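K.L.:
Residue strings, one per chain:
Protein chains: 2
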Amino acid sequence: MTRRVAAIGEGSYAVEGVYILASGTVVGDKEAQGPLGHYFDVTWSPSGSSRSFEREERELLQRSQEIALAKARLDWPAVELVLGGDLLDQLVTTSFVGRAHGRPLLGMFAACATFTEALAVGSLLVAGGGPAVVLASAVSHHYAAERQFRYPVELGNQRYPTSSWTATAAGSSVLASAPGPIAVEAVTIGRVVDYGQKDPNDYGSAMAPAAVDTIHRHLRALGRTVEDYDAIFTGDLGEFGRRLALKLAQEELGEDWRARLDDCGRVLYDLQRQDVHNGASGAGCSAAVFGGYLSHQLTQGGWRRLLLAATGALLSPTTAQQGESIPSIAHAVSLRAERGGEAR
Amino acid sequence: MTRRVAAIGEGSYAVEGVYILASGTVVGDKEAQGPLGHYFDVTWSPSGSSRSFEREERELLQRSQEIALAKARLDWPAVELVLGGDLLDQLVTTSFVGRAHGRPLLGMFAACATFTEALAVGSLLVAGGGPAVVLASAVSHHYAAERQFRYPVELGNQRYPTSSWTATAAGSSVLASAPGPIAVEAVTIGRVVDYGQKDPNDYGSAMAPAAVDTIHRHLRALGRTVEDYDAIFTGDLGEFGRRLALKLAQEELGEDWRARLDDCGRVLYDLQRQDVHNGASGAGCSAAVFGGYLSHQLTQGGWRRLLLAATGALLSPTTAQQGESIPSIAHAVSLRAERGGEAR
Numbered sequence: 001m002t003r004r005v006a007a008i009g010e011g012s013y014a015v016e017g018v019y020i021l022a023s024g025t026v027v028g029d030k031e032a033q034g035p036l037g038h039y040f041d042v043t044w045s046p047s048g049s050s051r052s053f054e055r056e057e058r059e060l061l062q063r064s065q066e067i068a069l070a071k072a073r074l075d076w077p078a079v080e081l082v083l084g085g086d087l088l089d090q091l092v093t094t095s096f097v098g099r100a101h102g103r104p105l106l107g108m109f110a111a112c113a114t115f116t117e118a119l120a121v122g123s124l125l126v127a128g129g130g131p132a133v134v135l136a137s138a139v140s141h142h143y144a145a146e147r148q149f150r151y152p153v154e155l156g157n158q159r160y161p162t163s164s165w166t167a168t169a170a171g172s173s174v175l176a177s178a179p180g181p182i183a184v185e186a187v188t189i190g191r192v193v194d195y196g197q198k199d200p201n202d203y204g205s206a207m208a209p210a211a212v213d214t215i216h217r218h219l220r221a222l223g224r225t226v227e228d229y230d231a232i233f234t235g236d237l238g239e240f241g242r243r244l245a246l247k248l249a250q251e252e253l254g255e256d257w258r259a260r261l262d263d264c265g266r267v268l269y270d271l272q273r274q275d276v277h278n279g280a281s282g283a284g285c286s287a288a289v290f291g292g293y294l295s296h297q298l299t300q301g302g303w304r305r306l307l308l309a310a311t312g313a314l315l316s317p318t319t320a321q322q323g324e325s326i327p328s329i330a331h332a333v334s335l336r337a338e339r340g341g342e343a344r
Numbered sequence: 001m002t003r004r005v006a007a008i009g010e011g012s013y014a015v016e017g018v019y020i021l022a023s024g025t026v027v028g029d030k031e032a033q034g035p036l037g038h039y040f041d042v043t044w045s046p047s048g049s050s051r052s053f054e055r056e057e058r059e060l061l062q063r064s065q066e067i068a069l070a071k072a073r074l075d076w077p078a079v080e081l082v083l084g085g086d087l088l089d090q091l092v093t094t095s096f097v098g099r100a101h102g103r104p105l106l107g108m109f110a111a112c113a114t115f116t117e118a119l120a121v122g123s124l125l126v127a128g129g130g131p132a133v134v135l136a137s138a139v140s141h142h143y144a145a146e147r148q149f150r151y152p153v154e155l156g157n158q159r160y161p162t163s164s165w166t167a168t169a170a171g172s173s174v175l176a177s178a179p180g181p182i183a184v185e186a187v188t189i190g191r192v193v194d195y196g197q198k199d200p201n202d203y204g205s206a207m208a209p210a211a212v213d214t215i216h217r218h219l220r221a222l223g224r225t226v227e228d229y230d231a232i233f234t235g236d237l238g239e240f241g242r243r244l245a246l247k248l249a250q251e252e253l254g255e256d257w258r259a260r261l262d263d264c265g266r267v268l269y270d271l272q273r274q275d276v277h278n279g280a281s282g283a284g285c286s287a288a289v290f291g292g293y294l295s296h297q298l299t300q301g302g303w304r305r306l307l308l309a310a311t312g313a314l315l316s317p318t319t320a321q322q323g324e325s326i327p328s329i330a331h332a333v334s335l336r337a338e339r340g341g342e343a344r
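Residue numbers (our numbering), protein chains in the order written: chain R, 1 to 344; chain Y, 1 to 344.
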């Protein structure tokens with residue numbers, strides 16, 4: 001298999017010889033009860049042995065990595081590089097889990113776009129002739145995120161209609177130069193986009209312009225349209241963010257993306273029944289939705305092409321308190337189903 | 001110039017066709033008054049127009065990036081990718097500056113090893129045939145770090161003898177496939193090492209084992225010894241951490257590194273005169289010491305080879321409060337002086 005990288009546009013690279021061998025997903029109870037519940041590998045329940053939400057988050061991540069490796073029939077020593085991140089300050093979940101596996105580790109952060117940042121960089125490294133096997137991961141934990149970013153949940157603060165629910169979820173994917181069921185075709189590294197939105201209870205609207213920017217650049221670099229994909233999934237725009245992205249695509253590009261564009265955060269929960277308002281968010285959301293539902297669609301659901309463009313709101317509690325707007329970013333990865341050796 | 005990556009050991013890659021064209025450095029008053037003061041491009045003083053330490057940190061980073069580009073005679077549109085990070089929660093400095101330059105951005109985090117993580121990944125991407133010009137950056141700001149990680153400085157808490165002083169410093173380097181004065185020879189991605197040290201006032205001792213692990217793996221992968229380098233500089237071990245690293249190299253490897261091993265955090269300040277105890281730390285420390293002093297040694301000081309192995313303590317205030325030990329990591333980059341076209 002020839003490994004190759006070619007620059008095809010601003011931040012966009014076509015890659016050859018990179019495949020996703022397998023993915024592992026672990027979700028919490030609420031996520032398991034949503035419409036995608038049966039696509040995930042494991043529903044995780046606190047064992048009681050973890051002494052904190054932060055330790056639970058580590059268990060989620062580690063479990064998802066172990067499942068991905070088991071499905072790819074690989075052991076830890078075969079993993080040349082681990083890439084990924086989480087939402088906790090100083091990426092402590094990723095680092096502490098790195099202590100357990102002991103493999104070379106690259107910590108990455110793009111908020112809820114971290115998973116596609118890791119997938120994109122991992123793909124570029126494998127295609128560039130470096131590591132032959134890498135693991136890309138992202139994780140989030142609802143209660144660990146709540147107490148870091150917001151208020152103690154015991155306060156019972158009312159949530160806004162535009163608020164998203166940080167998912168308790170982890171997803172890990174094994175990228176390799178050896179052929180597998182999903183090929184990586186191209187990646188686009190996002191740039192920071194900020195339309196001036198300042199409301200930390202509405203990430204979807206802040207991130208929608210970044211999603212449109214990256215998807216547009218990615219399609220243009222490849223000379224494709226949205227119709228070339230069975231689906232385009234953004235990260236955590238949720239219901240409101242998707243609406244705004246569709247509006248921006250129509251107004252700024254004159255394109256109708258309604259038939260193709262959906263969002264990981266919008267499909268993880270049943271928005272009517274599960275009281276999550278705008279939908280799901282969190283670095284683990286797109287990682288788990290990709291590793292579970294979307295991978296299934298590519299390998300067994302008849303989809304031929306997927307564009308995954310996770311989105312991240314690059315604020316912190318400090319910048320929100322200082323009255324700053326919310327810079328956002330989206331990193332995109334084009335994926336192609338490989339069946340019966342076709343296109344190899 | 002042939003661009004090429006070759007795996008040569010666990011997490012270690014030889015690279016060809018990657019050069020550092022120029023670096024930009026900006027430091028605060030205290031850093032400018034240290035023994036390396038005259039090697040830095042700009043001594044930065046608050047203009048008064050910045051309303052917070054966090055905004056000042058952004059100015060430092062942006063300025064260092066602009067200086068690096070000016071020295072390399074490049075404009076922003078020539079930069080295909082920006083890689084880097086900072087110490088603030090959610091990497092807000094890097095992201096907010098990304099809003100200004102608008103170039104494709106990869107947020108990276110390895111605490112005070114972030115600069116060599118960015119250099120290493122940037123080198124692998126350029127050598128792998130992806131982007132031809134990337135910018136690798138890291139920054140830290142003493143007072144922004146103090147109020148995030150420690151106590152309000154107004155409390156006047158006593159500092160420990162083993163405490164380091166977070167440097168106010170930024171460093172940015174332009175990596176490119178076009179020939180330049182410094183060549184990147186090889187990189188080693190670190191793995192998390194934790195010997196169980198729990199004292200958040202002594203990062204140097206926590207990080208020393210990670211530094212020794214990475215340097216040892218790097219040398220072994222290349223078939224070299226410490227004598228093959230004019231100098232090996234770790235990141236922010238400081239005085240105590242360097243002593244421990246020397247001890248570990250002697251006891252675990254039976255090697256005497258005294259004549260070659262020094263540390264960016266140990267040389268940035270005058271330890272006797274500047275009341276900084278163990279020395280400097282912060283993501284900007286190794287970035288600025290490399291871009292200023294160490295680059296000068298390679299381009300004009302007669303050094304032929306440098307091994308830069310910045311070190312990071314991967315804890316957070318939360319993990320420290322929860323009684324966890326301090327996982328650490330070091331990423332290494334081998335650099336070679338290119339003179340009069342030799343070895344091209």
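Worth flagging that the hints you see were computed from the coordinates, not collected in a lab.
A hint or two may mislead.
[What the hints assert, rightly or not] Using C-beta positions, here's what the derived DEER-type ranges look like: (1) Y:Tyr-195 / R:Lys-247: 38 to 46 Å; (2) Y:Arg-150 / R:Leu-155: 25 to 33 Å; (3) Y:Gly-102 / R:Gln-322: 17 to 25 Å.
[Stated by the list, open to error] From the derived model, a few chain Y residues whose C-beta atoms are all more than 10 Å from chain R: (4) Arg-63; (5) Glu-185; (6) Val-192; (7) Gly-254.
Please read all numbers here as calculations on a predicted model, not as lab measurements.
Glycine included, each C-beta is placed from N, C-alpha and C at the ideal position.
K.L.:
Hey, does Val-192 (chain Y) actually stay past 10 Å from chain R on C-beta?
P.N.:
Label violated. Min Cβ-Cβ 4 Å, cutoff 10 Å.
K.L.:
Holds or violated: 17 to 25 Å for the Cβ distance of Gly-102 (chain Y) and Gln-322 (chain R)?
P.N.:
holds, 22 Å
K.L.:
Confirm or reject the statement that Gly-254 (chain Y) sits farther than 10 Å, beta carbon to beta carbon, from all of chain R.
P.N.:
Since the minimum Cβ distance to chain R is about 23 Å, Gly-254 (chain Y) lies beyond 10 Å and the statement holds.
K.L.:
Is 38 to 46 Å respected by the C-beta to C-beta distance linking Tyr-195 (chain Y) and Lys-247 (chain R)?
P.N.:
Check failed, 54 Å falls outside 38 to 46 Å.
K.L.:
Verify this label for me: Glu-185 (chain Y) is non-interface relative to chain R, using a Cβ-Cβ cutoff of 10 Å.
P.N.:
holds, 15 Å
K.L.:
Tell me if the beta carbons of Arg-150 (chain Y) and Leu-155 (chain R) are separated by a distance inside 25 to 33 Å.
P.N.:
holds, 27 Å
K.L.:
Would the non-interface assignment of Arg-63 (chain Y) survive a Cβ cutoff of 10 Å against chain R?
P.N.:
The claim stands: Arg-63 (chain Y) keeps its Cβ more than 10 Å from every Cβ of chain R (closest is about 18 Å).
The structure fails to meet hints 1 and 6 from the earlier list, while all remaining hints are met.
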